Amino acid sequence: MTEVSAVIVTYNSREVIAGCLDSFASHTSREACEVVVVDNCSADGSAELVAADYPWVRLVRSPRNAGLSAGWNAGVAASSGEFVAVINPDVRFETDAMSPLAVYLRAHADAGVVAPKLLNDDGTLQLSCRAFPGYATVLFNRYSLLTRLLPGNRRSRDYLMSDFDHASVRDVDWVSGAALMFPRRVFDELGGWDAGFFLFNEDVDFCRRAHDAGYRVVYDPEAVVYHRIGISEAASARIIIERHRSIWRYYRKHLRQNVIVDALTAAGIAARCGVLLIVGAARWRLGKAASKRRSAG
Numbered sequence: 001m002t003e004v005s006a007v008i009v010t011y012n013s014r015e016v017i018a019g020c021l022d023s024f025a026s027h028t029s030r031e032a033c034e035v036v037v038v039d040n041c042s043a044d045g046s047a048e049l050v051a052a053d054y055p056w057v058r059l060v061r062s063p064r065n066a067g068l069s070a071g072w073n074a075g076v077a078a079s080s081g082e083f084v085a086v087i088n089p090d091v092r093f094e095t096d097a098m099s100p101l102a103v104y105l106r107a108h109a110d111a112g113v114v115a116p117k118l119l120n121d122d123g124t125l126q127l128s129c130r131a132f133p134g135y136a137t138v139l140f141n142r143y144s145l146l147t148r149l150l151p152g153n154r155r156s157r158d159y160l161m162s163d164f165d166h167a168s169v170r171d172v173d174w175v176s177g178a179a180l181m182f183p184r185r186v187f188d189e190l191g192g193w194d195a196g197f198f199l200f201n202e203d204v205d206f207c208r209r210a211h212d213a214g215y216r217v218v219y220d221p222e223a224v225v226y227h228r229i230g231i232s233e234a235a236s237a238r239i240i241i242e243r244h245r246s247i248w249r250y251y252r253k254h255l256r257q258n259v260i261v262d263a264l265t266a267a268g269i270a271a272r273c274g275v276l277l278i279v280g281a282a283r284w285r286l287g288k289a290a291s292k293r294r295s296a297g
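Here the numbering used here is used: the sequence shown runs in plain steps of one and ends on residue 297.
I should point out that these hints are in silico values taken from the structure, not numbers from a laboratory. Note that the coordinates shown come from a computational prediction; the quantities given were computed from them, not determined experimentally. C-beta: ideal position from N, C-alpha, C; glycine also. Hints should not be assumed to be uniformly reliable.
[As the list claims (entries may be wrong)] The following label-pair restraints were derived from C-beta to C-beta distances:
1) 262 <-> 45: 40 to 48 Å
2) 153 <-> 2: 30 to 38 Å
3) 15 <-> 80: 25 to 33 Å
4) 106 <-> 274: 23 to 31 Å
5) 263 <-> 195: 24 to 32 Å
6) 109 <-> 41: 31 to 39 Å
7) 214 <-> 19: 31 to 39 Å
8) 158 <-> 43: 17 to 25 Å
9) 285 <-> 107: 49 to 57 Å
10) 103 <-> 77: 21 to 29 Å
11) 94 <-> 44: 34 to 42 Å
Please work from the sequences and hints to get the whole structure.
Structure (structure tokens):
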């Protein structure tokens with residue numbers, strides 16, 4: 001059995017997948033770590049690029065885009081590693097990040113998930129571990145108005161764990177799915193990734209289920225990767241809708257209360273989604289009008 005399998009799901013990722021694979025190959029032993037790329041029916045030639053330029057990669061072509069979680073499940077099924085890492089295609093490597101994570105998991109049988117330090121392209125820290133979300137998360141998440149206006153407020157700091165120095169190993173609630181590793185036995189015990197999460201909150205859900213099963217979720221800064229966060233999270237209308245669908249699914253799985261609270265929560269999620277769609281549409285129209293004026297001038 002291979003020690004580590006790295007699973008990467010692509011969907012129209014031609015712009016970034018080459019950089020991910022090239023940097024991975026430069027810093028990781030192919031003998032110790034296999035790479036599986038699952039292409040979710042890309043239309044930009046992502047799969048063709050991988051097939052032509054990276055013959056050492058095991059390529060799985062999905063006949064349709066069934067979402068990120070389903071893609072990860074397909075990749076794990078096609079892999080053989082004792083430990084499995086899931087990696088976004090917009091991640092790149094400047095050191096071997098796989099070995100430290102595998103070493104940690106092998107030494108700590110109670111660890112169900114371990115994740116590296118994430119850095120932005122410019123080398124600044126990317127906050128990648130969080131407290132589990134609750135009602136206050138709507139107001140104090142990474143993108144919220146209150147966090148942007150008052151970045152030092154206590155609730156945002158607590159949720160984003162921004163007071164943590166990110167220089168030491170630490171148990172956390174959940175870690176970003178941009179890059180993380182887990183033992184195959186834990187994946188099997190949890191039943192894999194929940195394919196009902198098409199694009200967002202699949203990492204929160206997986207970590208929550210790992211905690212519920214008695215495993216630790218660990219941040220290990222000895223492993224470091226770079227992540228272009230803007231590539232994965234462009235705010236199109238579909239992205240906004242999928243984000244809110246995933247919020248509702250997570251709530252129903254892990255936070256449900258009584259009928260009245262559930263109904264109010266559903267209404268609040270739907271209202272927030274609607275507001276963001278309206279704001280997004282208005283920005284698009286303003287941008288289009290400005291572009292026309294520039295062209296006319």
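To see whether the hints hold, each was checked on the structure:
{"no.": "1", "hint": "262 <-> 45: 40 to 48 Å", "in the structure": "44 Å, holds"}
{"no.": "2", "hint": "153 <-> 2: 30 to 38 Å", "in the structure": "46 Å, violated"}
{"no.": "3", "hint": "15 <-> 80: 25 to 33 Å", "in the structure": "29 Å, holds"}
{"no.": "4", "hint": "106 <-> 274: 23 to 31 Å", "in the structure": "48 Å, violated"}
{"no.": "5", "hint": "263 <-> 195: 24 to 32 Å", "in the structure": "26 Å, holds"}
{"no.": "6", "hint": "109 <-> 41: 31 to 39 Å", "in the structure": "38 Å, holds"}
{"no.": "7", "hint": "214 <-> 19: 31 to 39 Å", "in the structure": "38 Å, holds"}
{"no.": "8", "hint": "158 <-> 43: 17 to 25 Å", "in the structure": "41 Å, violated"}
{"no.": "9", "hint": "285 <-> 107: 49 to 57 Å", "in the structure": "55 Å, holds"}
{"no.": "10", "hint": "103 <-> 77: 21 to 29 Å", "in the structure": "25 Å, holds"}
{"no.": "11", "hint": "94 <-> 44: 34 to 42 Å", "in the structure": "26 Å, violated"}
Violated hints, listed in ascending order, are 2, 4, 8 and 11; each of the other numbered hints is respected by the structure.
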